[in-house]
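In case you want the letters, here they are:
Protein chains: 2
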Amino acid sequence: MRYSFTNILGKFVYDVKSKSIEKAKSSEKLEQLPKNKVNEVLSKFKDRENYTQFYEKNLALTKKGIKASVSEDMLIIQAIANVNELDKVNNILIKRLREWFSLYLPEFENVMNNQEKFVEMVISESKEDLMKELKLKETMGADLKKEDVNEMLILAKQIRELQGLRKKHETYLEGVMKKFCPNLLELAGATIGAKLIELGRSLKRLALLPSSTIQLLGAEKALFRHIKTGSRSPKYGVIINHPLIQRSERRKKGRAARMLADKLSLCTRLDFFKGEFKAKEYRKELEKKLDVKL
Amino acid sequence: MRYSFTNILGKFVYDVKSKSIEKAKSSEKLEQLPKNKVNEVLSKFKDRENYTQFYEKNLALTKKGIKASVSEDMLIIQAIANVNELDKVNNILIKRLREWFSLYLPEFENVMNNQEKFVEMVISESKEDLMKELKLKETMGADLKKEDVNEMLILAKQIRELQGLRKKHETYLEGVMKKFCPNLLELAGATIGAKLIELGRSLKRLALLPSSTIQLLGAEKALFRHIKTGSRSPKYGVIINHPLIQRSERRKKGRAARMLADKLSLCTRLDFFKGEFKAKEYRKELEKKLDVKL
Numbered sequence: 011m012r013y014s015f016t017n018i019l020g021k022f023v024y025d026v027k028s029k030s031i032e033k034a035k036s037s038e039k040l041e042q043l044p045k046n047k048v049n050e051v052l053s054k055f056k057d058r059e060n061y062t063q064f065y066e067k068n069l070a071l072t073k074k075g076i077k078a079s080v081s082e083d084m085l086i087i088q089a090i091a092n093v094n095e096l097d098k099v100n101n102i103l104i105k106r107l108r109e110w111f112s113l114y115l116p117e118f119e120n121v122m123n124n125q126e127k128f129v130e131m132v133i134s135e136s137k138e139d140l141m142k143e144l145k146l147k148e149t150m151g152a153d154l155k156k157e158d159v160n161e162m163l164i165l166a167k168q169i170r171e172l173q174g175l176r177k178k179h180e181t182y183l184e185g186v187m188k189k190f191c192p193n194l195l196e197l198a199g200a201t202i203g204a205k206l207i208e209l210g211r212s213l214k215r216l217a218l219l220p221s222s223t224i225q226l227l228g229a230e231k232a233l234f235r236h237i238k239t240g241s242r243s244p245k246y247g248v249i250i251n252h253p254l255i256q257r258s259e260r261r262k263k264g265r266a267a268r269m270l271a272d273k274l275s276l277c278t279r280l281d282f283f284k285g286e287f288k289a290k291e292y293r294k295e296l297e298k299k300l301d302v303k304l
Numbered sequence: 011m012r013y014s015f016t017n018i019l020g021k022f023v024y025d026v027k028s029k030s031i032e033k034a035k036s037s038e039k040l041e042q043l044p045k046n047k048v049n050e051v052l053s054k055f056k057d058r059e060n061y062t063q064f065y066e067k068n069l070a071l072t073k074k075g076i077k078a079s080v081s082e083d084m085l086i087i088q089a090i091a092n093v094n095e096l097d098k099v100n101n102i103l104i105k106r107l108r109e110w111f112s113l114y115l116p117e118f119e120n121v122m123n124n125q126e127k128f129v130e131m132v133i134s135e136s137k138e139d140l141m142k143e144l145k146l147k148e149t150m151g152a153d154l155k156k157e158d159v160n161e162m163l164i165l166a167k168q169i170r171e172l173q174g175l176r177k178k179h180e181t182y183l184e185g186v187m188k189k190f191c192p193n194l195l196e197l198a199g200a201t202i203g204a205k206l207i208e209l210g211r212s213l214k215r216l217a218l219l220p221s222s223t224i225q226l227l228g229a230e231k232a233l234f235r236h237i238k239t240g241s242r243s244p245k246y247g248v249i250i251n252h253p254l255i256q257r258s259e260r261r262k263k264g265r266a267a268r269m270l271a272d273k274l275s276l277c278t279r280l281d282f283f284k285g286e287f288k289a290k291e292y293r294k295e296l297e298k299k300l301d302v303k304l
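Quick mapping for you: the protein sequence lines, in order, are chains A and B. First residue of the first sequence? That's 11 in the working numbering, and the numbers climb one at a time after it. First residue of the second sequence? That's 11 in the working numbering, and the numbers climb one at a time after it.
Source of the hints: derived by calculation from the structure; they are not laboratory data. You may find that some hints are simply not true.
Treat identical chains as interchangeable: a pair holds within one or across any two.
Heads up, simulated DSS-like pairs for lysine-lysine below, C-alpha to C-alpha not over 25 Å straight-line [claimed, not checked]:
(1) LYS21 <-> LYS33
(2) LYS74 <-> LYS142
(3) LYS142 <-> LYS178
(4) LYS178 <-> LYS167
(5) LYS214 <-> LYS263
(6) LYS288 <-> LYS56
(7) LYS167 <-> LYS98
(8) LYS21 <-> LYS73
(9) LYS27 <-> LYS263
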C-alpha cells in the first residue's frame with residue numbers, strides 16, 4: 011500500500027511496506043485518495059518516525075532547491091553591482107588623492123582632468139618632471155618630505171590596482187554574459203545589459219516584461235513623479251547611455267529609445283528561450299532606421 | 011629717496027635711485043609719509059613699469075605664502091580623511107564580497123562576523139576546508155565554476171590590500187603626529203587626535219579653543235538641536251570613542267568627558283607652543299581620578 015501526500019515542495023509517497031517516504035516521480039500514476047481515506051493518510055504522518063523522515067526529506071529538498079536556484083543571473087547581478095561599487099570607491103579615493111596632491115603641486119591637479127591619466131602620472135613622474143611638462147618654473151605647492159610624498163604614491167598605486175580590478179571584473183562579466191545572454195550582450199553591451207538584468211532581477215523576468223517597461227527600467231523615480239504630479243514622462247532609463255541613443259539627434263532620442271527597447275526585449279526572449287543569435291541584424295536595422303553609425 | 015607703500019601683504023619700499031621695489035625689511039625704520047606726499051607716492055605706482063614690478067613682487071610673495079602655509083596640520087588632515095575614507099571603501103567592498111560569497115557558501119557567511127578574518131579565510135581556504143571547519147556535510151551554496159570563484163578571490167585580495175594600506179596610513183599618521191603634536195597623540199591616540207585637528211582645522215586654532223568646545227567637537231548637530239529645540243545637550247563629540255570615556259561607568263561618562271577635554275586642551279597648547287611632554291602624567295592623573303585602568 012502506498013499513500014501520497016502533497017505539500018508546497020511537491021508530491022511525496024509513503025510506502026507502508028518499507029515504511030519510507032520518497033518523492034513521487036512525475037511519471038508515477040498516483041491514485042486519487044478517496045475523501046474518507048485522507049485522515050488515515052494524515053495520521054501516518056503524525057507518527058513521530060514518519061514525521062521526522064518527512065521533515066528531513068523536505069529540508070534536503072529545500073536546500074537542493076536553493077542550491078539549484080543560483081543561476082548565471084545571480085552571478086551577473088553580483089558582478090555588475092561590484093563593478094558599480096568599484097566605480098564609486100575609485101571616485102572617493104581619487105578625490106582624496108587629488109586634494110592631497112594639490113598640497114604638493116596644485117598646478118598639475120588643476121590642469122589634468124583625466125582621472126586615470128592623473129593617477130598614472132602621479133605614480134610615474136617626479137615633481138620636477140611634471141613641472142617641466144607644465145613649463146612651470148616655480149610652484150605654489152609645498153616641498154614635502156620624501157615620506158610624505160610616499161604616502162600619496164602608495165594611495166595612487168592602490169587606486170591603479172582598483173582600476174585594473176574593475177577592468178578584470180568587466181571582462182569576466184562579458185564572459186558570463188556571452189554564454190548566458192549573447193543577444194543582450196551584443197546589442198546592449200556588458201554594462202547596460204547587466205544593469206537591465208539587475209533591475210529586472212533575472213533574465214526570465216526581464217524576458218517577460220513588455221518592451222515599454224524595459225525602456226524605462228532605472229527611471230522609476232521620474233516615472234512615479236510623472237504619475238503623481240503629471241510632470242513630463244521619462245523617455246529612458248538605464249539605456250540612456252547606449253550609443254544609439256547618445257548619438258541620435260535630440261528630437262529623435264525618444265523614438266530611438268522606444269525602438270532600442272523593442273529590440274532589447276526581443277533579445278532577452280531569444281536568450282531566455284535559447285533562440286538563435288540575431289542581435290547583429292537588429293543592430294544593423296536600428297542603425298539604418300535611426301541613421302546612426304556606431 | 012625711498013617711498014614706502016603698504017598693502018595687505020606687507021610694506022614695500024620704492025627706491026627712486028634704483029627704480030626698484032623691494033619688500034621692506036622689518037628692521038628698517040620707515041618715515042611716516044606726510045599726508046600731502048601720499049598722492050606723489052601713489053603716482054609712482056601708477057607708472058606702468060613700476061606697477062608691473064610691484065604686481066610681480068606681490069604675486070611671488072603670495073605664492074610663497076601659500077607654499078609656506080602647507081603645514082603638518084594639512085598633512086594630518088589629509089591622512090585622517092584618507093583613513094576614514096578607506097574604512098568607508100572597505101565596508102562597501104566587504105558587503106559586496108559577503109553577498110557574493112553567500113551564493114557559494116552561505117553557512118560560512120552567516121557564521122563569520124569578523125570582517126578581516128572573513129576576508130582572510132575566503133582567500134586562504136577552499137570550500138571543502140571551510141565546510142570541514144563548520145562541520146557541514148552539505149551546503150545550500152551553489153557549486154560554482156573555478157572562474158566564477160576566482161572573481162571573488164581577486165576581490166577579496168584587493169580588500170586585504172586596502173586593509174593593509176589603511177594600516178600603513180595610520181602608522182604614517184602616528185609618525186607625523188609624534189613630531190608635530192606628541193602630547194595630543196599620547197593622550198588622545200592617533201585617530202581621535204587627528205580627527206580633532208581636522209575638526210578644529212589646525213593645531214593653532216584647536217589650541218585656542220576652550221576645552222568645552224573640544225569636548226563637543228564632532229557633536230555639532232546634537233548641539234544645535236539642543237540650542238534650537240531644548241533637547242538634552244550632548245556630552246561628547248569625537249572623544250566619545252576614547253577608552254577613558256568608554257570604560258567609565260554610565261553616570262560618570264559626562265564627568266569623564268569634561269575632564270578629558272580639559273587635559274586635551276592643555277595638550278594642544280603644550281604642542282602648539284612647543285612645551286614639554288606632559289601627556290603621560292595627565293593620563294595617569296585621569297586614570298586615578300576616574301578610577302579607570304587603561
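Hint check results:
1. LYS21 <-> LYS33: within (6 Å within a copy, 97 Å between copies)
2. LYS74 <-> LYS142: between (65 Å within a copy, 19 Å between copies)
3. LYS142 <-> LYS178: neither (35 Å within a copy, 31 Å between copies)
4. LYS178 <-> LYS167: both (17 Å within a copy, 13 Å between copies)
5. LYS214 <-> LYS263: neither (28 Å within a copy, 57 Å between copies)
6. LYS288 <-> LYS56: For LYS288 and LYS56, the Cα distance exceeds 25 Å both inside one copy (56 Å) and across copies (77 Å).
7. LYS167 <-> LYS98: both (17 Å within a copy, 18 Å between copies)
8. LYS21 <-> LYS73: within (17 Å within a copy, 83 Å between copies)
9. LYS27 <-> LYS263: So LYS27 and LYS263 fail the 25 Å test inside a copy (71 Å) and across (72 Å) alike.
Violated hints for the displayed structure, listed by number in ascending order: 3, 5, 6, 9.
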